[in-house]
Amino acid sequence: MLRYLLRRVLLLGVTVLISSLIIFLICRLLPGDVARVLLGREAGEAALAALRAELGLDRPLPIQYLDWLRGFVTGDWGISYSTRQPIRPLVLERLGNSLLLAGATLALALPLGIGLGVWAGWRAGKPDDTVINVSLLSVTGLPEFVTGLLLIDLFAFRLRWLPANSSIRPDATLLEIAPQLALPAITATLVLLAYIARLTRTGVITELSQEYVRTATLKGLSPLAILRRHVLRNALSPAITVIAISLGWLISGLIVVENVYNYPGIGRLLTFAIDRRDLLLLQAVAMMTVIIFALANLAADLIYALLDPRIRLGDDREPA
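As numbered in UniProt numbering, residues 1 to 320 make up the sequence shown, in order.
Keep in mind that the hints were calculated from the coordinates and are not lab data. Since no wrong hints were added, every one of them can be taken at face value.
Computed list of lysine to any residue pairs in SDA-like fashion (alpha-carbon distance at most 25 Å, straight line):
no., residue 1, residue 2
1, Lys126, Leu137
2, Lys126, Glu211
3, Lys126, Leu208
4, Lys126, Leu112
5, Lys126, Leu221
6, Lys219, Leu208
7, Lys219, Arg233
Ranges of calculated distance between the beta carbons of each label pair, as one might list FRET restraints:
no., residue 1, residue 2, range
8, Leu21, Ile303, 28 to 34 Å
9, Gly125, Leu224, 16 to 22 Å
10, Pro89, Leu5, 30 to 36 Å
11, Gly220, Leu174, 45 to 51 Å
12, Ala53, Pro86, 17 to 23 Å
13, Thr140, Pro62, 43 to 49 Å
14, Leu174, Ser138, 31 to 37 Å
Beta carbons are placed, not taken as given, at the ideal position from N, Cα and C, and that holds for glycine.
Working from the sequences, and respecting the hints, build out all of it.
Here you go:
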């Protein structure tokens with residue numbers, strides 16, 4: 001298991017390093033001049049050149065990349081071009097907000113998705129299975145902004161149960177945050193629910209057709225015992241990848257949801273950095289996104305290895 005873990009960590013490091021180079025190059029290829037954005041259209045060439053020199057944008061690209069990478073690794077992420085504030089605390093604060101939203105969403109989506117998927121797989125072909133599938137696909141088919149606006153109209157304007165604006169304060173308590181998290185978390189849950197439920201349903205149906213299930217039935221085990229002791233362990237494995245990827249998506253990809261609810265997450269910060277051509281801020285946000293995805297996939301690999309020892313044993317038996 002240790003060898004398996006070391007190989008995955010090494011692969012993670014290589015992936016993040018290559019991604020850092022790609023992020024840096026893409027940011028430098030974005031249209032628009034940072035100096036022009038900061039100083040305005042009327043700025044003269046002398047002022048533009050002076051600002052580019054101050055920001056280090058006139059240096060060779062390899063030097064810029066190495067300096068930025070060294071600073072990112074050591075915790076010196078630089079100063080935001082647009083806000084003139086240190087980037088690291090800003091990104092970590094927004095990341096904390098996104099982690100909070102991701103945790104609330106997973107707390108809703110996992111039990112609901114797995115529960116509905118297990119029930120649908122157990123009742124495959126029955127009317128309740130059809131109702132679950134059609135309902136989930138109908139909800140998931142709606143774009144996030146449509147779902148968000150419908151929820152705002154119902155719960156914020158008509159029923160007046162929840163706030164439409166989720167711009168949480170840094171010093172807010174958990175009781176104050178909970179109502180503001182509700183609508184964004186429900187919207188994100190509706191997006192994830194069908195994927196988790198359908199993968200779980202497929203896994204349950206596949207496992208129920210295996211020989212070991214028939215053997216357990218002939219031995220006199222009850223259907224509930226077979227489901228709990230044998231089927232679920234194997235059926236949930238395919239859903240792990242979706243859950244792991246969903247964690248990265250929840251943290252970085254919910255740009256639409258965060259903008260609909262004015263939620264101060266890392267997705268909105270990414271949009272802000274792109275709009276302002278704030279390269280250092282954009283690179284830091286993108287790097288944190290890559291690291292979250294990489295860590296989520298590492299966690300998925302480790303959970304796979306724990307659920308199915310054949311994965312890590314097969315890896316350990318490979319020739320050095």
